[in-house]
Structures are given as C-alpha cells and as structure tokens.
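Chemist: Chain order of the listed sequences is A and B.
In case it helps, this note's numbering puts the first sequence at residues 1 to 309.
In case it helps, this note's numbering puts the second sequence at residues 1001 to 1459.
For lysine to aspartate or glutamate, the following DMTMM-like pairs were computed, each having C-alpha atoms within a straight-line distance of at most 25 Å: (1) A:K260 x B:D1117; (2) A:K4 x B:E1262; (3) B:K1332 x A:D184; (4) A:K259 x B:D1456; (5) A:K234 x B:D1259; (6) B:K1128 x A:E261; (7) A:K4 x B:D1217; (8) B:K1003 x A:E9; (9) B:K1128 x A:E262; (10) B:K1063 x A:E2; (11) A:K259 x B:D1117; (12) A:K309 x B:D1244; (13) A:K84 x B:D1240; (14) B:K1286 x A:E262; (15) B:K1036 x B:D1329; (16) B:K1128 x A:D267; (17) A:K13 x A:D223; (18) A:K193 x A:E203; (19) A:K101 x B:E1432; (20) A:K234 x B:E1086; (21) A:K84 x A:E305; (22) A:K260 x B:E1457; (23) B:K1214 x A:E39; (24) A:K4 x B:D1211; (25) B:K1286 x A:D85; (26) A:K260 x B:E1119.
Keep in mind that the hints were calculated from the coordinates and are not lab data.
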Amino acid sequence: TEFKPPIKEYPGKIAQVQLGAGSRKPVYLGGQTSLYRFEEPQPNPPIVTFDVFDIPMPGLPRPIREHFSDVMESPGEWAKKAVKDYGANMVTMHLIGTGPKVMDKSPREGAQAVEEVLQAVDVPLVVGGSGDPVKDPLVLEAAAAAADGERCLLASANMDLDYHKVAKSAVDYGHAVLSWAITDVNMQKSLNKYLMKDGLKQEDIVMDPTTCALGYGIEFSIDVITRTRLGGLKGDPDLQMPMSSGTTNAWGSREAWMKKEEWGPTDYRGPLWEIFTGLTLMLNGVDIFMMLHPESVRILREIGETFTK
Amino acid sequence: MAKVTAMDVYKLLPQTNCEDCGEASCMAFATKLSEKEADLTLCTELSDKKFKKLDDLLAPAVKEIIIGKDEKAKIIGGDEVLYRYEESYYNQTVLAVDVPDDLDDSDFEKRIKQIEDLEFERTGESLKLDAIALRNKSGDPEKFANCAKKLKSSKYPVFLVTFDPIAMEKALAFIGDDRPLIYAATKDNIFDMADLATKYQCPITVFSPGDIEKMKDLVFTLRSNGVEDIVLDPGTLTGDAIGDTLDNFVMSRRLAVEDKDEDFRYPLLGVPALVRLNNEEDDDIKKGTMEATIASTLMNKYADVLILKGNEIWELIPILTLRQSLYTDPRKPQAVDPGIYEFGDVDENSAVLLTTNFSLTYYTVEGDLKSGDANCYLLVLDTVGKAVDVAIAGGQFDGESVADLVKETGIEDMVKTRKLIIPGLAAPLSGEIEDETGWNVMVGPRDSSAVPDFIDEKF
Ligand code: B12
Ligand code: SF4
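Take these sequences, add in the hints, and give me the full structure.
Modeler: Next up, the structure:
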C-alpha cells in the first residue's frame, strides 16, 4: 500500500482567547483546528507565565528562591525580573497575602499589588487569589476593577466559590476567566455552561483541568486533558476553550525539593520535575503554563515553539 | 478500527464448552481472551487454521517483540490504543543505555555495573533500566565483537549498534543466540542486515531518519524477505527539528492503530542519547536536562524503546517516574490491602498511626517509617485507593470508617494506649474520629517524613 499521512478531520474548533489589551502587548491562546501541526498549522505557540507573589513567600524551594531573593519584597521588581531576565510571556500575580490565615490583606491592598505589576511590565497578567473561597471573589473583583481594560485572566472560578461574582467582574471590566475543575470532565462542562450563562463567551474562558504533578497522579491529568481536547475538537461547545496548567504544583513533589544524597542534587532534579510535568501536559493539549523556575520556563518555551512552528 | 469483542472471538471458538481451557464455557474463555487475560493455547480443541485466524484477530495493533532470552527477555510493543484513557498502554518503554566499544576494560566494566545496579524505589516498586546498547564507536569490528562477547554474562539484554554488517556479524557470532536487538538496517545495508536477522533469528531495527515514507518501504522489504520481528526508528532529530521527530512518531503510531497499516504495526524506538552525542560543547547538566526532556517527549508519544546516554540518577528519576505513571492501568485503582501493618519492634505501648490505602500514600509513609527506624502500628484505611485529602473530600475517609477499621483490625487488643496519630491533612476529622472510636486523636505532621521524630517527641 502507498504511504499517506494520517490526517484527520475535526468538526470542532478551539476558541482563540486574547489575553492583554489596553497598555499590554496581547498574547493569544488556543485557536486550534487539529491536534498536531502535521494536520493543520498550529495558530499559537504555548505560553509560559511566571509566578509572582504579593508577599516574599518563605516556602518557595531554594532553587527558586536563589533566583529571586533580591526582588521578593517587591512584586513589581519581581515581575520585571521575570520578564527582562527570564523572558516570561506573561506574569501571574498570586495575591497570597489576602488569605485570612496568611496576612489578611484587604481586597484594596491586593488590587494595589496588581497595579504595581501593571506599571512595572507590559506583558499580560494572570491574577490569582489566595485560595480562600469566601474572600477570593472579593479580591478578584477589586483587582479586576483596578486592571480595567487590560484583559487579565482571573484565577479562578470554581464550584466552591461565588463564581457568578468572578464572571461578573470579568464581564464588567473586560477580562477573561480561568474555569477550574478538579480532574473531572463533567464538572468542567457544567462550570463552563454556568459561566457562559453569566455572560462569558468561549473566547473569554480558559480551562484548568487541574495539574497533578509527575508521580502524583499525572496520569489522571493526562487522561482528562486528552478527553477534554478531543471533546472540543469533536464539537462539544462546552469544551472548546484553551487549557491552562498550574505546573508549579510539581514543586510540591518530594522528588523535586527534598534533599537526598542518593537522588542527586535538587538543583537539577527540581527543574526537570517541573519540565516533565509541563511538557507532558503540553503534549496532551495544554496551552498555557504557570511556572516558577527560570530554566524550566526557558526549556518549555523553546520546545513548545518547535512543536507548533 | 473497532476493538475486538468477546462475541467476535466466540464465533471462531469450537463452542463445545468442554472446559479444557479451565473456563466454564467457550463464551467465558472468549471474554478473557478479548480482555487479554488468557492465552489462546489453553484451548485444546482448535484446528491449526482456526488457531491462526484467532491469533491474527487477537494480535494487538502494535506487534509484541521480545528482546533478549530467558530471564533476560524484555517484551516491547503490544499497544492497542492511541490514548491511554481508552484502555491502557502495555509493556512499558524499555530503557537502554549507550556503551561505546572504545572504553578500556575497567571503564567498560564499571559502566555496565552502573547500568545494572541503577535502581529507584517508588510506591513499592523498584524502578530500573532494561538494556545495554553497545555502540561500535571504534569502527573496529574486532573491538565491537570482543565487547559483545563480554556482554554474554550481562544481566540485561543487548542492542548491537552499528551500521556495518561485518561488525554486526562478528558480534552476532558471539551473542547471536541471546536475541540481541540488531540496530540498525538502513537503506544502504538492508539486505545484509536482513540476512543476519534471519540467520540468527534476532529482532531488527529499521532506521530511516526523518523519512517515514522511506521507512515504510524498508519495512516492506524486510517483511517480504520473511523478517517478522521489526522495530522502527524514524530518527530522533534534536534541536529545532524535535517537532519533526514528534510528528513522525505520532504518524507512525496512528497508521498502526487506526489504519492497521502492516508496515507500521511495530514498536517505536527513539534515541535521546543523540542530544549528548551531537552537542559536544554544552555542559553536562544542560545536556542531561535536554536528554531527559527529549526522552519525556518521546515516551509520552509512543516510544517503546529509548536509548539514553546519561546514567546520572537525577536525570533518570524523572524518566523512570514518568514511565511508571504512563503505564499504570486506568481501569484499576492503585491500592494496597487495607488493615494493620507493623514496623520495627512493636509492643502494647507502641504508637498507632492511620493512613489510606492509596499505593502512593501507603508506600511514601512506609518508606518514611522504615528510614526513620520507627516502631509502630500503621492502620491502613480502605479509601478505594485515594490519597488522604482526596478521600476526605470524596467521603471515603470519615469518623465512622475509621471506627470500623479500629474494630476490624483488633488493635484494641494489641495495645494498652488509646492514642491514634492521624495525618496532618486529616485534622478537620479529629473530633469526629474521637467521637466514633472513643480514642484520643493526635494530629500528626502534614508530611509523613516528619512522623518518626513526631513519635519520639510527642507520643
Ligand atoms: C491526584 C489527585 C486526585 C486524583 C485521585 C488520586 C488518588 N488516587 O487519590 C483524582 C483525580 C481521582 C482526584 C479526585 C478528587 N479530588 Co483530588 N487531588 C489530587 C492531588 C492532585 C494529589 C493527591 C495526591 O496524590 N497526593 C499525594 C499523597 C502521597 O499525599 P497524601 O495521601 O496526602 O499523603 C501525604 C500526607 O497526607 C502525609 N500522610 C499520609 N499518611 C499519613 C499518616 C500520618 C500518621 C501522618 C502524620 C501523615 C501522613 O504524608 C504523605 C506524604 O506527604 C491533590 C492536590 C495536591 N497537589 O495535593 C488533589 C486534591 C486532594 N483533590 C481534591 C478534591 C476536592 C477532589 C475531589 C473531591 C474532586 C471532585 N469534586 O470530584 C475528587 C474526590 C474523589 C473521591 N475521593 O471520590 C482537593 C481536596 C481539597 C480539600 N482539602 O478539601 C485537592 C487538595 C485539590 C485542591 N487543591 O482542591 N484527586
Ligand atoms: S477449551 Fe476451547 S472448546 Fe473447550 S471450553 Fe475452552 S474455549 Fe471452549
């Protein structure tokens, strides 16, 4: 038999989401009409966004602290370093300090940290709360207002909090929303449906199917992400959004941070753990990666570009 | 193409229900066959013709191939699906490490020993390398053959890496009856290599870098010459071309699984080692990081065999872990038996701990208790293989289930104390566990690595 490249037809298309507007240089996520570039040219390369925190974050592993210890007191300087020195496409501003059990900063203070970063860099922002289901919607609302028209990604809307409020903040001030479900395609579909009822369109939503790190359930993430992307391309309108990964979760694995002679230096092992986690999810459909280590970011960006060129 | 059903299989069985196969009926046997849980040879009533038909029907999309012999044997291939959630991937990626033939005797021995001894324990499994890829770097057939001879006694099967049929023949003369993998046939040497594969009955790799159309031709040539055990190497192009490599791997596997193209229904082989061999100037850390990155790319997208050069533990731990994860069976929970486990010397005053039966959780805790020389009882709760906070969120871990576990294990007759150490993540359940069990609850650390110290200081 003759050789014919195995190119498939997909009835569906992944929506293209723009992040960054106003004073930001925009980036674009998604927009795919196929799984691989040999089928159809891939419209956008994967994007990496650097994690930045509004407090000095004592818990960060040493291989990361050593790159940022000089700027951790100032979110603006931290963001600048991520962009200028390490080539970040975007910055994720985690407002950890607003956590009631952390420093209980007010939503207004959170918004100020966002303003500081907006001033410092011209890349688009992801804005995240502290993970407190009661306070996060209020913090995100204040941040959304402060960043009016800059088209940030608000992280996140999920079933455990008042996602109506998050959706409304996005609609009112022109932002996109991260729709986060915990490794469950059906939960993801429901949440997306609710968000679209609240006035968001496919082009305003990025999904977070949850990143289980390498060795800590990465196979669950692989399966859910694969099914989600195939579902979208097959035509399910509730799954036709780009996907995000909290790749930073990799640093929670003891193989990444724990000092142990027999395992070799964490300086090399840690970044690889983050690269493997991100890359595996990239190969199965994720479009944007929230990451921590400069070397992991560089390698993931480079290889991601060659997969889509 | 649709999967083979039990009905498809049943139609070809004798339908006499003679029970010789150990099953109650032909239908039961058919079900097992279609789930890959039984071997066709167990049916005693099949004619040769029917056997061949069934064997073809049951053949996986990717042919299974054996490298090495007897206790050294490793099976590769056998996959049926493109995405693991659809079923499972089978026969985990074989990891071979490059050994050049120009090392002096002691370096050669050292390297083989390093490869054979490398081991990483994870969730109760010992993760290891699988094969030795002997490379004819010297270009000298004698040297190559002499090294091959030394590998006769190696623990792992051997790949013979040379494009020179003379060197290959010389090496095969020594270890040809151990089923080494011949690497590789190319468009220039294919007939000579095919003869060697046939003469020694060894599996053979087809190498066609960056051109899978040509690869298909070469495979067809081999098949036409009666060669059956073939491995495909579409080339591992590094640097910017890694995207092309990925495309070639994916296309090859798609053609095998979805189109059942006979020239592609073979295991795939990648060579991340080329990153190290091709970038002389980079430092070792950079090369190791890149080599591992390429390995993870290809393992994710269908590589059944990888040849690596690095054997540093920090580089191999992530590779071994990814392999373990990719090849877990999505149809089965990863769990250990619930119940009571003892560590060290226990008596009626020993500490009692609680954890869940998720393999990763259990083995992490077990490892920490052992390395910290703790003496204690560990109660393992049946959470259908869920981690601590997953089980709490999912409702499998609560006061009542813990109380049942305490009763069932009989721990109350083994110790005088009534103090239970629970995981830090289970703190919100402490009141409810106290109410249901009548025991005192001590909330332990969040990470079990701190447990042995916690027992010493607080218990
Ligand atoms: C993988 C994963 C899953 C997998 C399941 C994997 C499995 N087999 O358990 C899947 C996808 C199925 C899943 C499902 C759900 N998940 Co989930 N999942 C995770 C994830 C990413 C990792 C869990 C893990 O493997 N941990 C590793 C193991 C080794 O940790 P561990 O068991 O806790 O053990 C450690 C400690 O507890 C301690 N320890 C253990 N035993 C002992 C004993 C003693 C005595 C001591 C002192 C210490 C100790 O040491 C161990 C090593 O550090 C976490 C997030 C995260 N990064 O932690 C979320 C997470 C646990 N999941 C969560 C949720 C909500 C769910 C769901 C309820 C989602 C849903 N609504 O459907 C379901 C529940 C499913 C069910 N039970 O029926 C939440 C829980 C939130 C909370 N705390 O309430 C988390 C934290 C994610 C989040 N941030 O929201 N999940
Ligand atoms: S041995 Fe063969 S004929 Fe007899 S019951 Fe089993 S499958 Fe049927």
